[in-house]
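2 protein chains.
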Amino acid sequence: MTHEQRNPLGVIQKGKQSLQYERDVFIKESASIVGTKEGQGPLGSLFDMVGDDDMFGCPNWEKAESSLQQDAVYTALGKAKLKPSDIRYIFAGDLLGQSIASSYGILTYEIPFFGLYGACSTCGESLSLGSMAICGGFADNVVCVTSSHFASAEKEFRFPLEYGNQRPLSATWTVTGSGAFVLTGKREKTDNVRARITGITTGIIQDYGLKDSMNMGACMAPAACNVIYQNLMDFGRSPEDYDKIITGDLGTIGQTALLELLRDYGFDISKNHMDCGIEIYDAASQDTHAGGSGCGCAATVLSAYILKQIEEGQWKRVLFVPTGALLSKTSFHEGENIPGIAHGIVIESVA
Amino acid sequence: MTHEQRNPLGVIQKGKQSLQYERDVFIKESASIVGTKEGQGPLGSLFDMVGDDDMFGCPNWEKAESSLQQDAVYTALGKAKLKPSDIRYIFAGDLLGQSIASSYGILTYEIPFFGLYGACSTCGESLSLGSMAICGGFADNVVCVTSSHFASAEKEFRFPLEYGNQRPLSATWTVTGSGAFVLTGKREKTDNVRARITGITTGIIQDYGLKDSMNMGACMAPAACNVIYQNLMDFGRSPEDYDKIITGDLGTIGQTALLELLRDYGFDISKNHMDCGIEIYDAASQDTHAGGSGCGCAATVLSAYILKQIEEGQWKRVLFVPTGALLSKTSFHEGENIPGIAHGIVIESVA
Numbered sequence: 001m002t003h004e005q006r007n008p009l010g011v012i013q014k015g016k017q018s019l020q021y022e023r024d025v026f027i028k029e030s031a032s033i034v035g036t037k038e039g040q041g042p043l044g045s046l047f048d049m050v051g052d053d054d055m056f057g058c059p060n061w062e063k064a065e066s067s068l069q070q071d072a073v074y075t076a077l078g079k080a081k082l083k084p085s086d087i088r089y090i091f092a093g094d095l096l097g098q099s100i101a102s103s104y105g106i107l108t109y110e111i112p113f114f115g116l117y118g119a120c121s122t123c124g125e126s127l128s129l130g131s132m133a134i135c136g137g138f139a140d141n142v143v144c145v146t147s148s149h150f151a152s153a154e155k156e157f158r159f160p161l162e163y164g165n166q167r168p169l170s171a172t173w174t175v176t177g178s179g180a181f182v183l184t185g186k187r188e189k190t191d192n193v194r195a196r197i198t199g200i201t202t203g204i205i206q207d208y209g210l211k212d213s214m215n216m217g218a219c220m221a222p223a224a225c226n227v228i229y230q231n232l233m234d235f236g237r238s239p240e241d242y243d244k245i246i247t248g249d250l251g252t253i254g255q256t257a258l259l260e261l262l263r264d265y266g267f268d269i270s271k272n273h274m275d276c277g278i279e280i281y282d283a284a285s286q287d288t289h290a291g292g293s294g295c296g297c298a299a300t301v302l303s304a305y306i307l308k309q310i311e312e313g314q315w316k317r318v319l320f321v322p323t324g325a326l327l328s329k330t331s332f333h334e335g336e337n338i339p340g341i342a343h344g345i346v347i348e349s350v351a
Numbered sequence: 001m002t003h004e005q006r007n008p009l010g011v012i013q014k015g016k017q018s019l020q021y022e023r024d025v026f027i028k029e030s031a032s033i034v035g036t037k038e039g040q041g042p043l044g045s046l047f048d049m050v051g052d053d054d055m056f057g058c059p060n061w062e063k064a065e066s067s068l069q070q071d072a073v074y075t076a077l078g079k080a081k082l083k084p085s086d087i088r089y090i091f092a093g094d095l096l097g098q099s100i101a102s103s104y105g106i107l108t109y110e111i112p113f114f115g116l117y118g119a120c121s122t123c124g125e126s127l128s129l130g131s132m133a134i135c136g137g138f139a140d141n142v143v144c145v146t147s148s149h150f151a152s153a154e155k156e157f158r159f160p161l162e163y164g165n166q167r168p169l170s171a172t173w174t175v176t177g178s179g180a181f182v183l184t185g186k187r188e189k190t191d192n193v194r195a196r197i198t199g200i201t202t203g204i205i206q207d208y209g210l211k212d213s214m215n216m217g218a219c220m221a222p223a224a225c226n227v228i229y230q231n232l233m234d235f236g237r238s239p240e241d242y243d244k245i246i247t248g249d250l251g252t253i254g255q256t257a258l259l260e261l262l263r264d265y266g267f268d269i270s271k272n273h274m275d276c277g278i279e280i281y282d283a284a285s286q287d288t289h290a291g292g293s294g295c296g297c298a299a300t301v302l303s304a305y306i307l308k309q310i311e312e313g314q315w316k317r318v319l320f321v322p323t324g325a326l327l328s329k330t331s332f333h334e335g336e337n338i339p340g341i342a343h344g345i346v347i348e349s350v351a
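Heads up: the protein sequence lines correspond to chains A and B, in order.
Just so we're aligned, residue 1 is where the first sequence starts under the working numbering, counting upward by one.
Just so we're aligned, residue 1 is where the second sequence starts under the working numbering, counting upward by one.
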């Protein structure tokens with residue numbers, strides 16, 4: 001089914017899952033804050049701030065993660081020369097139960113708040129809803145922020161750190177970090193903006209029956225496949241129309257699964273696929289196995305690396321696809337499958 | 001600061017936190033499914049379905065809650081004579097860690113999915129984002145669905161049911177139920193619609209330093225006050241411009257706090273305030289203490305009772321304000337405050 005409907009603002013409903021924005025939606029500014037391990041990785045020099053202690057001066061891991069969100073928003077607003085009162089909505093989320101890293105992290109800004117949960121895809125979800133708010137004329141400026149923290153995530157989903165569990169090679173390492181993005185619909189001639197969001201493809205939950213929480217890349221690959229395939233179909237594009245097709249945190253095993261799945265659907269993205277989870281660590285020397293993961297993985301890599309490549313003209317157009325694994329410790333203990341969800345954002349250079 | 005900006009679709013940014021929709025956003029249909037206790041309450045005869053066993057045929061409480069969402073969406077779609085493929089987005093949320101009731105509940109519909117977390121305010125959050133998607137021309141039809149379940153919530157936040165803990169009189173009883181709403185921007189002349197959404201007021205997190213998870217009404221009252229006060233200011237309305245101002249689940253203690261707080265801000269809403277949590281149970285005979293609570297409370301009462309009153313011409317315009325308490329068992333054990341959030345929806349009769 002192809003269904004195209006253009007409204008007076010130039011929003012086009014493309015195909016089944018996509019929107020094309022013909023009105024300006026800019027990523028005005030962004031910021032990334034990461035922990036020590038991420039600072040020691042291949043992208044370490046690109047982040048705005050690297051903590052030298054993963055507690056970030058806080059009494060517990062959850063507060064540490066909240067402080068990451070708080071600092072990322074503060075830094076992004078500062079770079080954008082905006083005050084909290086200039087921001088109409090904040091879209092925020094994280095991995096913890098009841099999204100407490102976000103609630104406590106953004107509380108002090110007193111900005112009207114939409115809390116989101118899309119597991120590690122939440123960065124994409126926040127940019128989707130944030131860009132819709134801008135394109136629809138509901139807001140002049142919005143902030144989208146997401147975070148994860150290795151220690152709070154291990155506590156939430158896996159084992160106490162003190163237990164020192166062995167991790168299979170398919171496991172990923174949750175990124176300690178937060179990325180914040182200021183979106184705006186207005187650009188004065190002198191305003192610098194980092195990039196433009198020209199469309200989104202919203203994911204459908206994919207459940208391929210996988211249950212292994214130590215192999216989340218495989219659980220999420222079908223969701224990435226859904227969004228990438230549907231984006232190419234809805235927009236009538238081929239993989240080569242993107243300089244990069246960038247998943248959030250599939251890691252090496254998820255990447256293999258994704259490439260195979262998409263080949264079954266007739267697309268070869270092996271030449272231009274990149275995964276933030278693979279880029280953020282040097283797996284061999286940093287003992288991170290399949291790669292990085294978490295809401296903070298895609299968000300910090302987008303802010304620090306992907307947007308930089310776009311600004312510098314290396315890439316003209318990318319498809320950014322954070323992926324999430326939908327599980328909780330309760331669903332895991334009850335033997336449920338681990339379905340996946342992904343959210344695709346088309347990001348283009350403004351040059 | 002008063003800031004009004006009208007765009008070609010007739011969306012007006014009102015004041016600091018509100019939007020006024022001048023384009024049609026209809027609640028086309030809705031459905032409510034509840035458990036036995038809710039069926040025995042004063043509104044019992046109004047719900048679309050009352051389960052005779054709160055397991056709803058499932059092996060555990062979490063799956064039971066998922067089945068509530070699945071059935072509520074199914075019923076709402078059936079009443080609206082729409083198929084899942086007619087729905088462009090589904091906005092869903094619940095109270096459980098990582099929102100698993102929603103993920104597993106709506107999975108089978110294969111609709112592009114935005115997962116939300118606003119604690120018990122999530123019904124209002126879903127209607128806010130859903131109505132924005134309709135008004136902005138991003139979707140022809142969307143579904144908004146939320147749920148809660150007494151047993152899954154007790155397990156998630158409080159004590160094992162088998163422990164038989166005593167509950168203070170300030171405690172509320174989590175509603176077992178789910179409400180689903182089909183929003184649409186298009187209405188053929190012969191189409192029946194239940195009501196119209198004409199505006200929203202998005203909440204700012206309010207933290208008054210309260211920490212008592214057995215008195216969530218008090219924790220949430222400041223958030224309700226923020227949204228109601230700001231709605232009246234942004235739209236230049238007085239309380240009498242609404243036939244009812246309806247909070248989600250403040251209960252009796254939260255109601256007292258809200259009325260006092262709003263009096264301090266110069267507004268008396270005592271004549272037209274209603275709380276879904278107070279309405280859904282007969283506290284004296286049903287031993288529910290301060291009232292009902294949970295995402296399912298506001299959602300089922302909106303679907304079964306409020307929209308009925310609007311359809312029947314009893315009420316022309318109401319302000320619907322679900323409220324949420326932002327805590328998790330981790331934040332509780334770490335001694336954190338319990339901030340509140342609320343989301344306001346202006347619902348009007350189509351007659």
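To be clear, the hints were calculated from the coordinates, so they are not data collected in a lab.
Take the hints with a grain of salt, since some may be wrong.
A pair counts as met if it fits within one copy or between any two copies, since identical chains are not told apart.
Result set (DSS-like, lysine-lysine): computed pairs, CA atoms no more than 25 Å apart in a straight line [unchecked claim]:
1) Lys16 - Lys81
2) Lys16 - Lys155
3) Lys316 - Lys211
4) Lys16 - Lys83
5) Lys211 - Lys16
Discussion item. Within a copy, between copies, both or neither: which one fits Lys316 and Lys211 at a CA-CA cutoff of 25 Å?
Written reply: Result: close neither inside a copy nor across copies, 38 Å intra and 50 Å inter.
Item to complete: Tell me, please, which holds for Lys16 and Lys81 at an alpha-carbon limit of 25 Å: within, between, both or neither?
Response: between (38 Å within a copy, 19 Å between copies)
Worksheet item: Using 25 Å as the alpha-carbon threshold, which applies to Lys16 and Lys155: within, between, both, or neither?
Response: neither (38 Å within a copy, 38 Å between copies)
Discussion item. Regarding Lys16 and Lys83, is the shortest C-alpha distance of 25 Å or less found within a copy, between copies, in both, or in neither?
Written reply: between (38 Å within a copy, 14 Å between copies)
Practice prompt. Go through the copies and call it for Lys211 and Lys16: within, between, both or neither, with a Cα cutoff of 25 Å.
Written response: neither (28 Å within a copy, 45 Å between copies)
Going down the numbered hints, you'll see the structure goes against 2, 3, 5, while the others check out.
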